[in-house]
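Hey, can you work out the whole structure from these sequences and the hints?
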Amino acid sequence: MSMKKAISFLLAAVMAAGSSVTAMAAEGDVLKVAAIETAYGSEMWQEVCDAFTAQTGIEVELITDKNLEDVIGASMKAGDFPDVIHLATGREDALTETFIKDQNIVDLTDVLSMTVPGEEAVVSDKIAGGFTETSLTNPYGDGKTYLAPMFYSPCGLFYNAGLFEEKGWEIPATWDEMWALGDKAKEEGISLFTYPTTGYFDAFFYALMYSVGGPEFFNQATNYAEGIWETPEAQKCFDIVAKLAEYTEPTTPAQANDQDFTKNQQLVLDNKALFMPNGTWIVGEMAEAPRAEGFKWGMTALPAVEEGGDGYSYTWFEQAWIPGGAQNQDGAKQFLAYLYSDAACEIFAKAGAIQPVLNISEKLEGDNQMFYGIYDSGAKAAMGNFAAFSPIEGLDNRTVWFDPVNSLVSGTMTEQEWIDGIISASDQMRANLIQ
Amino acid sequence: MIKRSGRGRFIFLCAAPATILFLIFMVIPTVNVFRMSLFKRSAYSPTEDFVGLDNFIRLLGDANFIRSMQNTILLIVVVTVITFAFALVFAAILTMEKIKGQNFFRIIFYIPNILSVVVISAIFSAIYDTNNGTLNSLLSLFSGKTVAILWKGESMVMISLIIAMVWQAIGYYMVMYMASMSSVSQSLYESASLDGAGRIVSFFQITLPLIWTNIRTTLTFFIISTINMAFLFVKAMTSGGPNGASEVALSYMYKQAYTNSTYGYGMAIGALVFLFSFGLSALVNAVTKRETLEF
Numbered sequence: 001m002s003m004k005k006a007i008s009f010l011l012a013a014v015m016a017a018g019s020s021v022t023a024m025a026a027e028g029d030v031l032k033v034a035a036i037e038t039a040y041g042s043e044m045w046q047e048v049c050d051a052f053t054a055q056t057g058i059e060v061e062l063i064t065d066k067n068l069e070d071v072i073g074a075s076m077k078a079g080d081f082p083d084v085i086h087l088a089t090g091r092e093d094a095l096t097e098t099f100i101k102d103q104n105i106v107d108l109t110d111v112l113s114m115t116v117p118g119e120e121a122v123v124s125d126k127i128a129g130g131f132t133e134t135s136l137t138n139p140y141g142d143g144k145t146y147l148a149p150m151f152y153s154p155c156g157l158f159y160n161a162g163l164f165e166e167k168g169w170e171i172p173a174t175w176d177e178m179w180a181l182g183d184k185a186k187e188e189g190i191s192l193f194t195y196p197t198t199g200y201f202d203a204f205f206y207a208l209m210y211s212v213g214g215p216e217f218f219n220q221a222t223n224y225a226e227g228i229w230e231t232p233e234a235q236k237c238f239d240i241v242a243k244l245a246e247y248t249e250p251t252t253p254a255q256a257n258d259q260d261f262t263k264n265q266q267l268v269l270d271n272k273a274l275f276m277p278n279g280t281w282i283v284g285e286m287a288e289a290p291r292a293e294g295f296k297w298g299m300t301a302l303p304a305v306e307e308g309g310d311g312y313s314y315t316w317f318e319q320a321w322i323p324g325g326a327q328n329q330d331g332a333k334q335f336l337a338y339l340y341s342d343a344a345c346e347i348f349a350k351a352g353a354i355q356p357v358l359n360i361s362e363k364l365e366g367d368n369q370m371f372y373g374i375y376d377s378g379a380k381a382a383m384g385n386f387a388a389f390s391p392i393e394g395l396d397n398r399t400v401w402f403d404p405v406n407s408l409v410s411g412t413m414t415e416q417e418w419i420d421g422i423i424s425a426s427d428q429m430r431a432n433l434i435q
Numbered sequence: 436m437i438k439r440s441g442r443g444r445f446i447f448l449c450a451a452p453a454t455i456l457f458l459i460f461m462v463i464p465t466v467n468v469f470r471m472s473l474f475k476r477s478a479y480s481p482t483e484d485f486v487g488l489d490n491f492i493r494l495l496g497d498a499n500f501i502r503s504m505q506n507t508i509l510l511i512v513v514v515t516v517i518t519f520a521f522a523l524v525f526a527a528i529l530t531m532e533k534i535k536g537q538n539f540f541r542i543i544f545y546i547p548n549i550l551s552v553v554v555i556s557a558i559f560s561a562i563y564d565t566n567n568g569t570l571n572s573l574l575s576l577f578s579g580k581t582v583a584i585l586w587k588g589e590s591m592v593m594i595s596l597i598i599a600m601v602w603q604a605i606g607y608y609m610v611m612y613m614a615s616m617s618s619v620s621q622s623l624y625e626s627a628s629l630d631g632a633g634r635i636v637s638f639f640q641i642t643l644p645l646i647w648t649n650i651r652t653t654l655t656f657f658i659i660s661t662i663n664m665a666f667l668f669v670k671a672m673t674s675g676g677p678n679g680a681s682e683v684a685l686s687y688m689y690k691q692a693y694t695n696s697t698y699g700y701g702m703a704i705g706a707l708v709f710l711f712s713f714g715l716s717a718l719v720n721a722v723t724k725r726e727t728l729e730f
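Chain order of the listed sequences is L and G.
Under the numbering used here, read the first sequence as residues 1 to 435, first letter to last.
Under the numbering used here, read the second sequence as residues 436 to 730, first letter to last.
Hint data in this document are derived by calculation from the structure and do not stem from the laboratory.
Hints should not be assumed to be uniformly reliable.
Distance condition first, Cα-Cα at most 27 Å in a straight line; then the derived DSS-like pairs of lysine-lysine [stated by the list, open to error]:
{"id": "1", "chain 1": "L", "residue 1": "Lys77", "chain 2": "G", "residue 2": "Lys670"}
{"id": "2", "chain 1": "G", "residue 1": "Lys670", "chain 2": "L", "residue 2": "Lys186"}
{"id": "3", "chain 1": "L", "residue 1": "Lys236", "chain 2": "L", "residue 2": "Lys184"}
{"id": "4", "chain 1": "L", "residue 1": "Lys184", "chain 2": "L", "residue 2": "Lys296"}
{"id": "5", "chain 1": "G", "residue 1": "Lys475", "chain 2": "L", "residue 2": "Lys272"}
{"id": "6", "chain 1": "L", "residue 1": "Lys186", "chain 2": "L", "residue 2": "Lys236"}
{"id": "7", "chain 1": "L", "residue 1": "Lys77", "chain 2": "G", "residue 2": "Lys475"}
{"id": "8", "chain 1": "L", "residue 1": "Lys186", "chain 2": "L", "residue 2": "Lys167"}
{"id": "9", "chain 1": "L", "residue 1": "Lys380", "chain 2": "L", "residue 2": "Lys243"}
{"id": "10", "chain 1": "L", "residue 1": "Lys243", "chain 2": "L", "residue 2": "Lys186"}
{"id": "11", "chain 1": "L", "residue 1": "Lys66", "chain 2": "G", "residue 2": "Lys475"}
{"id": "12", "chain 1": "L", "residue 1": "Lys243", "chain 2": "L", "residue 2": "Lys167"}
{"id": "13", "chain 1": "L", "residue 1": "Lys77", "chain 2": "L", "residue 2": "Lys66"}
{"id": "14", "chain 1": "L", "residue 1": "Lys243", "chain 2": "L", "residue 2": "Lys184"}
{"id": "15", "chain 1": "L", "residue 1": "Lys184", "chain 2": "L", "residue 2": "Lys272"}
Rendered as structure tokens:
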């Protein structure tokens with residue numbers, strides 16, 4: 001008898017708990033926003049959420065963390081999704097890519113024609129040209145936008161401008177000049193190149209493909225067109241990376257992991273390597289690090305392939321999106337629209353995060369003015385990335401294209417082995433393209 | 436009769452919580468891993484397609500998986516052998532010999548075991564640094580020329596992992612063996628020494644056989660924990676790099692399941708690792724079976 005009582009009590013308790021949970025869920029349209037905390041810090045997100053609540057009356061529950069994937073991952077596996085996720089592609093955990101591959105994200109095309117809360121302008125009038133037409137925001141190439149472009153940053157080769165002044169060296173405009181500079185620097189015991197991790201090669205390789213073969217080659221290559229990797233353009237790209245590997249600081253691959261990558265960045269600060277591919281966040285990331293005397297950040301686009309050719313700088317940007325399982329999708333869309341409001345852009349810009357809206361570069365100061373002015377000084381903007389394909393067991397872009405650079409530098413893999421791997425992977429990816 | 440049924444109910448009630456918890460948190464998830472390994476699905480999406488044994492067939496042809504499995508086996512064998520040899524020798528020295536500061540050494544050896552893997556990886560990041568690292572500096576000091584070994588480079592990265600894992604594990608097993616060694620009666624050693632047995636002979640003839648049960652148990656523990664610890668060490672120290680050179684089975688499984696959206700494929704790796712560790716433990720248990728000696 002007593003056992004029955006205990007069990008019924010337990011059941012009643014469970015029911016009560018369950019109903020109170022549903023009551024809570026039904027109670028309000030609290031908007032759950034999850035944003036990655038990067039070098040820009042997390043305060044700006046709190047400020048923007050507060051401003052959004054003040055504007056629209058919608059309560060926001062904010063989660064920010066440096067390892068956002070670990071924080072929201074568990075509850076998402078259990079079916080509890082945030083309404084808005086702000087996260088960049090190209091991260092180790094590839095959460096955004098996972099949702100893209102699964103076609104588990106909400107179509108945001110209608111957000112573009114929404115009015116920004118508190119303003120009269122429409123979202124699409126505010127976002128700078130080209131940002132909502134790339135394969136990063138329209139991953140399936142069907143003319144629909146699934147990811148909202150966020151904080152952009154020109155990527156390029158970062159160097160110590162002070163050292164170049166001191167030595168009287170010129171920034172190379174072509175790859176031939178680059179190799180000549182590499183030989184000159186070698187005599188002084190300085191390596192030409194280093195990279196934080198192989199993950200940084202995505203922006204580098206995209207810009208390289210643009211500068212070698214222009215937008216058309218880039219589009220074919222990132223869509224895994226048949227035979228594209230055997231063209232002279234592709235061969236040129238591979239040759240440049242392979243040659244660059246020879247000029248790379250030899251300790252780089254041993255430090256190209258998530259724990260030691262700042263040691264590679266330090267090589268540039270210590271004048272042990274001249275160039276590294278990176279983004280504008282590097283200034284904040286290495287703000288506390290010791291550096292050589294007279295150190296001054298400089299940034300240049302990738303050199304042109306031949307004299308008079310185009311130099312390209314890849315425009316890296318983050319994305320905000322709505323997972324398919326989000327409960328409050330209407331609120332989420334309003335929130336996304338609000339992210340492009342003048343008020344939000346200003347809050348973000350204060351922390352150094354630059355929204356891809358028109359006329360923002362006029363408001364920048366200091367290093368950022370130089371970085372974001374790269375496109376005004378002749379470099380062309382490269383945008384886009386590899387097209388999404390449905391998941392293939394044991395195969396992803398990074399391990400095929402970029403991780404082998406480590407082996408090229410240490411000499412354990414030949415250029416041809418690298419290319420063979422790419423060709424075979426590219427065939428499988430083409431067959432699995434999401435149409 | 437009433438009494439007996441009351442007793443049965445009591446036993447049932449006592450055993451039920453543990454059994455229910457075991458079912459919910461061990462048996463069902465394990466069965467689920469095997470079930471999911473037969474599907475093509477991703478970690479966050481509700482759709483799944485049954486693919487039978489396709490995931491397993493693909494695994495056998497996946498060079499990266501084979502390499503990660505080789506690395507795992509290398510770690511299990513080498514780390515186990517070295518750790519056990521050192522742990523036994525140190526335990527014997529600290530229990531049998533009268534050394535000043537015995538407790539001090541015991542604590543020093545045990546400390547790595549208290550540290551979290553993240554701390555250990557930070558320590559070893561400083562030790563393995565190519566330019567200013569402790570290890571290269573020491574080698575340079577003794578060899579008289581500048582040594583620049585790339586400890587986390589492709590050719591050395593597994594050795595670096597082995598060193599860190601051995602360093603971390605020795606203390607724990609040493610303390611275990613010290614406990615069982617100190618329970619071996621002194622009179623056995625005394626009579627052996629009267630018969631002319633030296634220290635090394637008594638170690639192999641008396642100490643080892645008498646603590647054999649303990650060694651067997653810890654060996655099984657150790658194999659299973661090496662598989663798990665290898666994942667933590669790789670994740671914290673090398674992220675599986677450079678170019679996959681230090682990938683182990685579980686880190687590869689994690690990559691496939693969570694970052695490559697091939698959850699089913701990851702679960703297939705999980706299922707294989709489960710069977711592998713199960714089989715290996717059984718094998719070790721069978722091979723090390725001896726008649727229990729008592730004194």
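Against the structure, the hints:
Our distance criterion of 27 Å between C-alpha atoms is met by lysine 77 of chain L and lysine 670 of chain G, whose separation comes to about 21 Å. Annotation: proposed proximity of lysine 670 of chain G to lysine 186 of chain L is violated, straight-line Cα distance about 35 Å (limit 27 Å). The hinted pair formed by lysine 236 of chain L and lysine 184 of chain L meets the criterion: a straight-line CA distance of about 23 Å does not exceed 27 Å. Between lysine 184 of chain L and lysine 296 of chain L the CA atoms are separated by roughly 21 Å; this keeps the pair inside 27 Å, and the hint holds.
Between the alpha carbons of lysine 475 of chain G and lysine 272 of chain L the distance comes to roughly 47 Å, so the proposed pair goes past 27 Å and is violated. The hinted pair formed by lysine 186 of chain L and lysine 236 of chain L meets the criterion: a straight-line CA distance of about 24 Å does not exceed 27 Å. For the hint linking lysine 77 of chain L to lysine 475 of chain G, the alpha-carbon distance of about 16 Å falls within 27 Å, and the restraint holds. Between lysine 186 of chain L and lysine 167 of chain L the alpha-carbon distance is near 13 Å, which keeps this suggested pair within the 27 Å criterion.
A distance of roughly 24 Å separates the Cα atoms of lysine 380 of chain L and lysine 243 of chain L; the hinted pair therefore holds under the 27 Å criterion. For the hint pairing lysine 243 of chain L with lysine 186 of chain L, the CA-to-CA distance comes to about 14 Å; that is within 27 Å, so the pair holds. The suggested pairing of lysine 66 of chain L with lysine 475 of chain G is violated, with an alpha-carbon distance near 30 Å, which exceeds 27 Å. For the suggested pair lysine 243 of chain L and lysine 167 of chain L, the alpha carbons sit about 24 Å apart, so the restraint of at most 27 Å is met.
Our distance criterion of 27 Å between C-alpha atoms is met by lysine 77 of chain L and lysine 66 of chain L, whose separation comes to about 19 Å. Taking the CA atoms of lysine 243 of chain L and lysine 184 of chain L, the gap is near 16 Å; set against the 27 Å cutoff, the hint holds. A distance of roughly 13 Å separates the Cα atoms of lysine 184 of chain L and lysine 272 of chain L; the hinted pair therefore holds under the 27 Å criterion.
Hint violations for this structure: numbers 2, 5, 11, all remaining hints satisfied.
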